[in-house]
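The listed protein sequences correspond, in order, to chains A and B. Going by the numbering used here, the first sequence wraps up at 409, each residue one higher than the last. Going by the numbering used here, the second sequence wraps up at 259, each residue one higher than the last.
Just so you know, these hints were derived from the structure itself, not from any lab. Virtual Cβ for every residue (Gly too), placed ideally from N, Cα, C. Keep in mind that the hints are not guaranteed to be accurate.
Dumping the calculated SDA-like pairs for lysine to any residue here, alpha-carbon to alpha-carbon at most 25 Å [claimed, not checked]: (1) B:K34 with B:R78; (2) A:K117 with A:K181; (3) A:K396 with B:K96; (4) B:K96 with A:I7; (5) B:K105 with A:L328.
Not the full set, but computed from the structure, chain A residues with beta-carbon under 10 Å of chain B [as the list claims (entries may be wrong)]: (6) R6; (7) L318; (8) V320.
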Amino acid sequence: MKIFRILQISIRALSRNKMRSFLTILGIIIGVAAVIAMVSVGEGAKKGIQERFAAMGTNLLFVQPGSRQFRGVQTGAGGYVTLKPEDAIAIEQYCDAVAAVSPSISTRAQVVYANKNWNTQIQGTGEKFPQVRKWNVAEGTYFDETHVAAAAKVCVLGSLVKQNLFEDEDPIGKTIRINKIPFKVIGVLESKGEQGGFFNRDDMIAAPYTTVMKRLRGVDYISSIDVEAISADMTNEAQRQIEELMRERHRIAPGADDDFQVRNMTDVAESAAQSSQIMTILLGSIAGISLIVGGIGIMNIMLVSVTERIREIGIRLAVGAREKDILLQFLIEAIVLSVGGGLIGIIIGIGVSRLMKYVPTFEGISTVVTPGSILLAFLFSASVGIFFGYYPARKASRLDPIEALRYE
Amino acid sequence: MNEKIIVLENIVRIYKIGEVEVQALRGISYSIERSEFLAIMGPSGSGKTTLMSILGLLDRPTSGRYFLEGEDVSSLSKDQMAAIRNKKIGFVFQNFNLLSRTTALENVELPLLYSNINSKESKERALAALVKVGLKGWEYHRTNQLSGGQMQRVAIARALVNEPSIILADEPTGNLDSKNGAEIMDIFTRLNREQKITLVMVTHDPVIASYARRRLYLKDGQIIREEINGKADSQASVQGG
Numbered sequence: 002m003k004i005f006r007i008l009q010i011s012i013r014a015l016s017r018n019k020m021r022s023f024l025t026i027l028g029i030i031i032g033v034a035a036v037i038a039m040v041s042v043g044e045g046a047k048k049g050i051q052e053r054f055a056a057m058g059t060n061l062l063f064v065q066p067g068s069r070q071f072r073g074v075q076t077g078a079g080g081y082v083t084l085k086p087e088d089a090i091a092i093e094q095y096c097d098a099v100a101a102v103s104p105s106i107s108t109r110a111q112v113v114y115a116n117k118n119w120n121t122q123i124q125g126t127g128e129k130f131p132q133v134r135k136w137n138v139a140e141g142t143y144f145d146e147t148h149v150a151a152a153a154k155v156c157v158l159g160s161l162v163k164q165n166l167f168e169d170e171d172p173i174g175k176t177i178r179i180n181k182i183p184f185k186v187i188g189v190l191e192s193k194g195e196q197g198g199f200f201n202r203d204d205m206i207a208a209p210y211t212t213v214m215k216r217l218r219g220v221d222y223i224s225s226i227d228v229e230a231i232s233a234d235m236t237n238e239a240q241r242q243i244e245e246l247m248r249e250r251h252r253i254a255p256g257a258d259d260d261f262q263v264r265n266m267t268d269v270a271e272s273a274a275q276s277s278q279i280m281t282i283l284l285g286s287i288a289g290i291s292l293i294v295g296g297i298g299i300m301n302i303m304l305v306s307v308t309e310r311i312r313e314i315g316i317r318l319a320v321g322a323r324e325k326d327i328l329l330q331f332l333i334e335a336i337v338l339s340v341g342g343g344l345i346g347i348i349i350g351i352g353v354s355r356l357m358k359y360v361p362t363f364e365g366i367s368t369v370v371t372p373g374s375i376l377l378a379f380l381f382s383a384s385v386g387i388f389f390g391y392y393p394a395r396k397a398s399r400l401d402p403i404e405a406l407r408y409e
Numbered sequence: 019m020n021e022k023i024i025v026l027e028n029i030v031r032i033y034k035i036g037e038v039e040v041q042a043l044r045g046i047s048y049s050i051e052r053s054e055f056l057a058i059m060g061p062s063g064s065g066k067t068t069l070m071s072i073l074g075l076l077d078r079p080t081s082g083r084y085f086l087e088g089e090d091v092s093s094l095s096k097d098q099m100a101a102i103r104n105k106k107i108g109f110v111f112q113n114f115n116l117l118s119r120t121t122a123l124e125n126v127e128l129p130l131l132y133s134n135i136n137s138k139e140s141k142e143r144a145l146a147a148l149v150k151v152g153l154k155g156w157e158y159h160r161t162n163q164l165s166g167g168q169m170q171r172v173a174i175a176r177a178l179v180n181e182p183s184i185i186l187a188d189e190p191t192g193n194l195d196s197k198n199g200a201e202i203m204d205i206f207t208r209l210n211r212e213q214k215i216t217l218v219m220v221t222h223d224p225v226i227a228s229y230a231r232r233r234l235y236l237k238d239g240q241i242i243r244e245e246i247n248g249k250a251d252s253q254a255s256v257q258g259g
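In isolation and in its complexed conformation, chain A is listed as follows (with noise of 0.2 Å):
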């Protein structure tokens, strides 16, 4: 008996009950959307934060606290405060392959103007940030050296915070209160646009990392510094110079762990790029639940096909099928239903995660759709089919005939 035969007699007993096989693959059909559009969503989020990253450019070194042991004990990366505001002078200055560096703390806070307020991050930079991280002001000045110095209360802002805050108004020279401390805005920074993913990079506010750590924070030390090295082929030997510089100022003895570590721009693209790898897996195992649930929707209007069909069953003994032919033709209805609701769920995956960007509540994010993803979702759905399909085909091919055509 050939395949092809087979499937003729699944698809004309599936097309006796085409309400129900709708109904049936319906479950499979929400499944491999659902999975399809979520990994898009997860794909989308993750190519976002590269682009990111590239876009930052490729000879930004960052500085940050390392693990360190104390009594025996091993804290985690960044367990520790261990830079301080003199490691990144020291570091511009004696490292020769170091063009800029803009040290780093941020603290989220409450900003308010006038009847406004508004929930965001203080980034404390540098002077030197809109050099170093590519990002320069669209209105108004960034602040200098004397603002540094001074731990003065002046702040530019991300150019979300500015429409939220002031709308059409002209920012420059008003004053906000940042925890209700007041700082006056010198400066808006241009807009990077869209990014994928969650993470809104115009949502934020600098300000000198001086005035961060003593007036918001009052602490004495940074969270990392970031480094431009003179140019991306000289991005190895900065990070060289920079670890030797750094063991002699906090005085590691040859063969011990360092208190800090140094990180490029390719290390934290793909850090960030595998938290989001873990956002697409878990998006993709939720929706994968409901693929499963479609399975077993399959299976039990397989079980409730093969009691309707006993007589049919029978008959079909009667003249010559053997146990394969009966197994084989309701494992291939299974899986005639699960594949052709994979088919239908991927093109209406594709569908959903192209048209999500129009839905008001998920504007801003990306989708990327991977033919992984498609693969995965049919091969899912199609075993899904064999899995949830083969115990009641079994049930059918082993059904006695005499029985089976006595059947009512």
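Here the structure of chain A is known, so what remains is to put chain B in place on it, guided by the hints.
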């Protein structure tokens, strides 16, 4: 002497219903010749349906031996039994047992689906079988659009299509009125006379049984009597064990 197509040797069939053992057949020994038209008669519970199931390889005897065309088929595997049902046996049932909402042609093609025959030849043979039972022009009607007599003729065409050694009919006229019943019996008689097809029919209707050349009477799982062409006959050779 004609070739013996079926030889039964002391066939016993015991059903176990819970703790109770029911002896449906208590040692049947009999032989059926090629081109025979045999009717098996008996009251309900006499074991005639059980005998039919065993003859049709839908069931296996508890003990005893069954030779079909010289081959011992009493202890084959399920798949081997299916293959023999497919090639050597045609079934006609009281309730027709056609696939619902399926065309006459597709029903007749069903046995060929399970043998190695390509779809073109399969269709040709099915069409020819439908002509033999007088259903030319009804090939593409669905079974629910056919009358009882027509449905039974589709069933006969299905039994014929794989050119079986023997056709087994279980109360073939039981669900039909006397006119349609007579038509079905005419088809059987014609197939038996003209095409030399071996026919074994179970019935409790003496009128229907009178079409057969031989009649076998069962009671309590044993053969009690045999008639040939209306004459009572109780030879020793026929005697059940």
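Outcome of the hint check:
1. For the suggested pair K34 (chain B) and R78 (chain B), the alpha carbons sit about 14 Å apart, so the restraint of at most 25 Å is met.
2. Of the pairs offered as hints, the one joining K117 (chain A) and K181 (chain A) holds, with about 13 Å between alpha carbons and a cut-off of 25 Å not exceeded.
3. In summary, the hint linking K396 (chain A) to K96 (chain B) is supported, as the alpha carbons are separated by about 15 Å, within the 25 Å threshold.
4. Proposed proximity of K96 (chain B) and I7 (chain A) is supported: the alpha carbons are some 21 Å apart, at most 25 Å.
5. A C-alpha spacing of about 21 Å is found between K105 (chain B) and L328 (chain A), which places the hinted pair at or below 25 Å, so the restraint holds.
6. A least Cβ separation of about 6 Å between R6 (chain A) and chain B falls short of the 10 Å threshold, and the interface hint therefore holds.
7. This hint holds: L318 (chain A) has a C-beta 7 Å from the nearest C-beta of chain B, less than the 10 Å allowed.
8. Among the interface hints, the one on V320 (chain A) holds; its C-beta lies about 4 Å from the nearest C-beta in chain B, closer than the 10 Å criterion.
Going down the numbered hints, you'll see the structure goes against none, and every one checks out.
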